[in-house]
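Using the sequences and the accompanying hints, generate a full structural model.
One letter stands for each residue in the lines below.
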Amino acid sequence: MKGYIVILLLIASTAIGTYLFQQRQSSTPDLMDNLAIGLDSIAQVLPQSAFIYYDTQNINHDIFTRARYLLAPRNLVISKRATIDTLLSIVDINYYKSNNYTTLTKVLIDKKEGQYHYILSTSK
Amino acid sequence: MNSGTLHIIKLWAWLGISSILYFCTLLLHIPILVTTILSFTLGLAIFYQKQHTGEKHSLLAVIIAAIGVYLLINEATNLAEKHGLWDAWAIWNLHGAYLASPINWQQLFNNSNGAHPDYPLALPSLLAYLRYIVPHSYYWLASYGLHLLITLSIPIALFTESYKKNFIIATIGLLLLCTNTHFIYIGVSQLADILLSLFFLLAIISLNNAKQHPKLILLAALFTGLCVWTKNEGIVLACFIVLFHFRQFFSKKSLKPSILGLTMPILSLLLFKYLCATPNDLLSTERQPIWELITTASRYEMIYDSFVGNLNLHFKSIQYASILFALLAILRWKKLQLRQLIMIIVICLAMMSVYLISPHDLEWHLATSQNRLILQLLPAFVYVLTINFAELATLDLPKGLLLKTEPPQ
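Chains as they are written, first to last, in the working numbering: chain A, 1 to 124; chain B, 1001 to 1409.
Worth flagging that the hints you see were computed from the coordinates, not collected in a lab.
For each residue, glycine too, the CB sits at the ideal point set by N, CA and C.
There could be a bad hint or two in this list.
Said to hold, decoys possible - Within a straight-line C-alpha distance of at most 16 Å, the following computed EDC-like cross-link-like pairs (lysine to aspartate or glutamate) qualify: (1) B:1082 to A:30; (2) B:1082 to A:33; (3) B:1164 to B:1391; (4) B:1273 to B:1118.
Unchecked claim - Covered stretches of chain B (chain A as the covering partner; in silico rule of three or more C-beta atoms under 8 Å from a C-beta of chain A): (5) 1058-1068; (6) 1100-1106; (7) 1110-1117; (8) 1143-1155.
Laid out in structure tokens, this is it:
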């Protein structure tokens, strides 16, 4: 087989395959998409160097991991309850669950010790 | 060597080197534009090298390859998850997202909770590169597209490389991969295992053709190095590739290209491990004394049972092909090239032995990774089986058992 035909075959089939996949997926938003909607406004406000703390007691490992991906290159850090308490708010992951993950919009900022800390919180 | 295979080799050599260049961009604070120009210049230099294969074009081969591609894409579209499997967003796409930020990329190494920041950067670098090209809302699609390209490259490389030897057997090899649900599912689940298996396959193909085309030893060495630059398991693969092909890599004639090919990815990995990465969890996690672990009989039993279970569940057709090959090989084993088959089996044993000393819960560790370790070796295994079956077909076996066929022109 000619080399250029093989490369053409690979590129064309990748393009077609990707298009078909997009068509199949675009109408069905999943958990990640819903979470992304909630995190989008946070991502716009926070600088890329932000550290975002997450409560260990209410942690849902799956959501934590997804949120960390969506907020990268910001750092999403699991923090001990005590640390969170000394800051501002407790994150209740169950709240996001019951609200389809769309209300995760508010960012609380603390200036303790001259550093900015960001805690994910709900708008309630 | 078939011109089609050579082009696939060139494509992935270029992309592999581009991933290293991208890492250098971050490390040395070089503007992305400079790296992109360098990468494209390199691409042009690689693809514009003249070659005289003198081969005839086979329309039937193109049609068969297209059928294989159709089967694979059809299955991939149905099986793939939008954002890939857990490891996709917890590790590989996450690393890609960090690396896409030239200023804050080192924040990746602050993630100690299940993000494995010690994993090599071949795939994340390519994903980060894509983030410059694709709009934000299509990152997920770009990652899928890249993995689909990797997954497609494997059966096509196998087919183009072997169909001149025996058309029917090459077609069976192609279909074995293009209809293997697990291979396709893991392939498009946006994990690095499929890239590692591609580099491993291309290293073996390059080595097999290096006698006729001595320049390929450089690419064989490069792909061996790229295994190391893709996943930590790649270190095991690379060690055994070098060990089993030591004379080929380090003969007087091929010493320089081999060292050149190996140096770039291995040097990148060393820089990465020394300057950036955190310790590997398998090495740094506290565990029982190793002696205690390796003398526990139940661990061997668990690993074996899980291995057989995975073969039965995901690779049934390849199991049948292996049994058939073993039966036929008994007749003519002296005339076969079994070195690479033995190499893959030894690598498999070496990889399984890592589970023996795993500090994690063994049941969980096996359930979450063993099927992917097997998959890393699968394409190379199918390729080696294919060329050996083709070799068997040239011998005087009973008529009708395996037909020697030439591709129709």
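So, going through the hints one by one against the coordinates:
1. B:1082 to A:30: 8 Å, holds
2. B:1082 to A:33: 10 Å, holds
3. B:1164 to B:1391: Measuring from Cα to Cα gives roughly 12 Å; hence the hint holds.
4. B:1273 to B:1118: 7 Å, holds
5. 1058-1068: With 5 residues close enough to chain A, the hint holds.
6. 1100-1106: The restraint on the region 1100-1106 of chain B holds, since 5 of its residues have a Cβ under 8 Å from chain A and three suffice.
7. 1110-1117: holds (count 5)
8. 1143-1155: With 6 residues close enough to chain A, the hint holds.
Checked against the numbered hints given earlier, this structure breaks none of them.
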